[in-house]
Each structure stands twice: as C-alpha cells, then as structure tokens.
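Engineer: Listed below are the residues making up each chain.
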Amino acid sequence: MSLEVMLNAAGLAFVVAGSRWHQADGQVMFVFILAMAAAEVAVGLALVLQIYHRFKCLDVDAISEMRG
Amino acid sequence: MNPRPSTCIRYFREANMELTFYISGAVAVIATILMLTRLNLVHALLYMIVSLLAVAVDFFVLGAAFAAALEAIVYAGAIMVLFLFVVMMLNIGRQAAQTERQWLAPGIWAGPVILSSILIVEVVYLTRGSSAGLGTGATGPKEVGIALFGPYIVGVELASMLLLAGLVGAYHLGLRKTEKPEIQHDTDTHEGRADTGGDLVLAGADRSARTT
Numbered sequence: 236m237s238l239e240v241m242l243n244a245a246g247l248a249f250v251v252a253g254s255r256w257h258q259a260d261g262q263v264m265f266v267f268i269l270a271m272a273a274a275e276v277a278v279g280l281a282l283v284l285q286i287y288h289r290f291k292c293l294d295v296d297a298i299s300e301m302r303g
Numbered sequence: 025m026n027p028r029p030s031t032c033i034r035y036f037r038e039a040n041m042e043l044t045f046y047i048s049g050a051v052a053v054i055a056t057i058l059m060l061t062r063l064n065l066v067h068a069l070l071y072m073i074v075s076l077l078a079v080a081v082d083f084f085v086l087g088a089a090f091a092a093a094l095e096a097i098v099y100a101g102a103i104m105v106l107f108l109f110v111v112m113m114l115n116i117g118r119q120a121a122q123t124e125r126q127w128l129a130p131g132i133w134a135g136p137v138i139l140s141s142i143l144i145v146e147v148v149y150l151t152r153g154s155s156a157g158l159g160t161g162a163t164g165p166k167e168v169g170i171a172l173f174g175p176y177i178v179g180v181e182l183a184s185m186l187l188l189a190g191l192v193g194a195y196h197l198g199l200r201k202t203e204k205p206e207i208q209h210d211t212d213t214h215e216g217r218a219d220t221g222g223d224l225v226l227a228g229a230d231r232s233a234r235t236t
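Line order of the protein sequences matches chains A and B.
Each residue of the first sequence is one higher than the one before, counting from 236 in our numbering.
Each residue of the second sequence is one higher than the one before, counting from 25 in our numbering.
The following block holds chain A by itself, in its conformation from the complex (with noise of 0.2 Å):
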C-alpha cells in the first residue's frame, strides 16, 4: 500500500508537469504508471495469499525460512 502511495506521488508528478508545459505526455505516463500499479499489485496480492495458505499467518519474521 505504501507502493501505491509511491506510484502516485510519481504519477501526480507526472501529470503536473503535463500540465505545466501543455502536454499530453504527462497523463500518458499517468497511464503507463496506473498499469504498473494494476499489475504489481495483482501480483503482489496473490503473493499475500500464497503465504497465507502456506504458512496461515502473515508475520513476516514468523515466516522466515531462510538459515541466515
């Protein structure tokens, strides 16, 4: 969620500076950012559930596996 915090802040950016300087390209950027954001968190989502499936609990330093 702080991602999709970030990603926007990038894409306001983005479309003020579009904005500024009268372009388009700015909201197009917008656009390219939005699919990423669509895609990372369906990505991210299903990660979440496969955890929790594995492990039934969402604690990060519970399911931590690795010897090191």
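Hints were generated in silico from the structure; no laboratory data involved.
Predicted model only: the values in this text are computed from it and were never measured.
There could be a bad hint or two in this list.
[Claimed, not checked] On the chain B side, residues computed to face chain A include the following (Cβ under 10 Å):
#1 Phe90
#2 Val168
#3 Leu186
[Stated by the list, open to error] Label pairs and their computed distance ranges (CB to CB):
#4 Phe173(B) <-> Trp256(A): 17 to 23 Å
#5 Ile144(B) <-> Val251(A): 21 to 27 Å
#6 Trp256(A) <-> Gln122(B): 52 to 58 Å
#7 Ala245(A) <-> Tyr46(B): 17 to 23 Å
#8 Glu275(A) <-> Pro175(B): 24 to 30 Å
#9 Ala129(B) <-> Val251(A): 36 to 42 Å
#10 Leu282(A) <-> Ala102(B): 15 to 21 Å
[Said to hold, decoys possible] Counterexamples of contact, computed for chain B against chain A with all Cβ distances above 12 Å:
#11 Trp133
#12 Ser140
#13 Ser141
#14 Val148
For glycine and all other residues, C-beta sits at the position ideal for the given N, C-alpha and C.
Chain A is already provided as a structure; the job is to place chain B on it using the hints.
Structural biologist: Positioned in the frame of chain A, the structure of chain B alone reads:
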C-alpha cells in the same frame, strides 16, 4: 471598460481554482499521513481511498480530466477493492465477525467522512461553475489518446505485455492454493495405507510433494 469585469471574474475564478487545488492537496496529504499511521489495515484502506480521491480532484483542477477519471475508477475503484477483497478473504476465521464489528465501530468513520465531504463540496463547486475555466493547460482525453497511440505505441504494447505477465503470474500464484488440498489428501491416504503395513503400491508415490 467591458473587459474589466470579465478579467476580474477570471482572476477570481483562477484564485478559487488555486484555492481548491491547495485544499484538495492538503486533504490528500492529511489522508496519506493518517493512512500511514493507522495500525488497522481496513482503516488504512479507508484513508487511502480518500487520499486517491483527493488526488483525483487535484487532477481535475489541473485540467487533466482523463487522468482524474482513471484515478477514480482504476485506483480507488479497482485496486482498492482488490486490497479490501484480499483483506476480507484473509480474515475468514473464528473471530472474524468480532473483529469486523470492531473495525466498523462508528467512531472511525469520522475522519474519512470529514475529509471526503470536503472533497464532495469541492467537486460540487467545480462542476457548478463553467467547465471552460478549468485550469490553464487543459489537455482532454482526445489529445491523450492521440499521443498514446501515436509516438507512444511501443509503450502501450509494453504495458499490455506487462499486464499479461501480471495476469499469468497472479493466476499461477493463485493456482497453488487449489492444489494444496489435493496434496493434503494424498498424504492422508499415504498415512492411512502405511498403517496397514502391507506392501501396497502407493498411488503417486514418486511425487516430490509427498516428502514435504
């Protein structure tokens, strides 16, 4: 003599535009800060939706109506509903009803309701005035579409491939979940047959998943 009132009105409208821009920006910042400091995920999602809507109003004031519509529909509509869906899905359990009742306590609605009512007042004010005075660099959806499918056609193709990859990846990651009960069932039969002590040929004995 005649242009003076019109310029005065225009100046007044521009000042009001700036004011609405700053107000919705402040709403976005406040909602984001409140979202980041919430400990409960559903409350954080509420503030996140308010923040996204505030940013959408910002886009609308800036003249990027297409981006505003996309922000409201895709971000606040689709992605946040996806988040909410997963949060509700992970919460199927014993005390789920109790925790949901705790989430929906009437006190926590105050913050998002206040912030989004500010946004609603702004939107009503903006749409009541003439839409011709929207911002200075208003770029409509037509220009965005022309730019999108003109010089940025490679980007569109790349975005479509990224979305396809995301779709396939999410499907693959979600597929294991339905495979899990089968593995469980398999090990159960394995345990049951091992108890008999016979040298039966076990079904699917060469599966690597059985060892886990």
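Engineer: Next step is simple, just say for each hint if it's right about the structure.
Structural biologist: Consistency of the hints with the structure:
{"no.": "1", "hint": "Phe90", "verdict": "holds, 6 Å"}
{"no.": "2", "hint": "Val168", "verdict": "holds, 5 Å"}
{"no.": "3", "hint": "Leu186", "verdict": "holds, 5 Å"}
{"no.": "4", "hint": "Phe173(B) <-> Trp256(A): 17 to 23 Å", "verdict": "holds, 21 Å"}
{"no.": "5", "hint": "Ile144(B) <-> Val251(A): 21 to 27 Å", "verdict": "holds, 23 Å"}
{"no.": "6", "hint": "Trp256(A) <-> Gln122(B): 52 to 58 Å", "verdict": "holds, 54 Å"}
{"no.": "7", "hint": "Ala245(A) <-> Tyr46(B): 17 to 23 Å", "verdict": "holds, 21 Å"}
{"no.": "8", "hint": "Glu275(A) <-> Pro175(B): 24 to 30 Å", "verdict": "holds, 25 Å"}
{"no.": "9", "hint": "Ala129(B) <-> Val251(A): 36 to 42 Å", "verdict": "holds, 37 Å"}
{"no.": "10", "hint": "Leu282(A) <-> Ala102(B): 15 to 21 Å", "verdict": "holds, 19 Å"}
{"no.": "11", "hint": "Trp133", "verdict": "holds, 20 Å"}
{"no.": "12", "hint": "Ser140", "verdict": "holds, 17 Å"}
{"no.": "13", "hint": "Ser141", "verdict": "holds, 22 Å"}
{"no.": "14", "hint": "Val148", "verdict": "holds, 23 Å"}
The structure agrees with every numbered hint stated previously.
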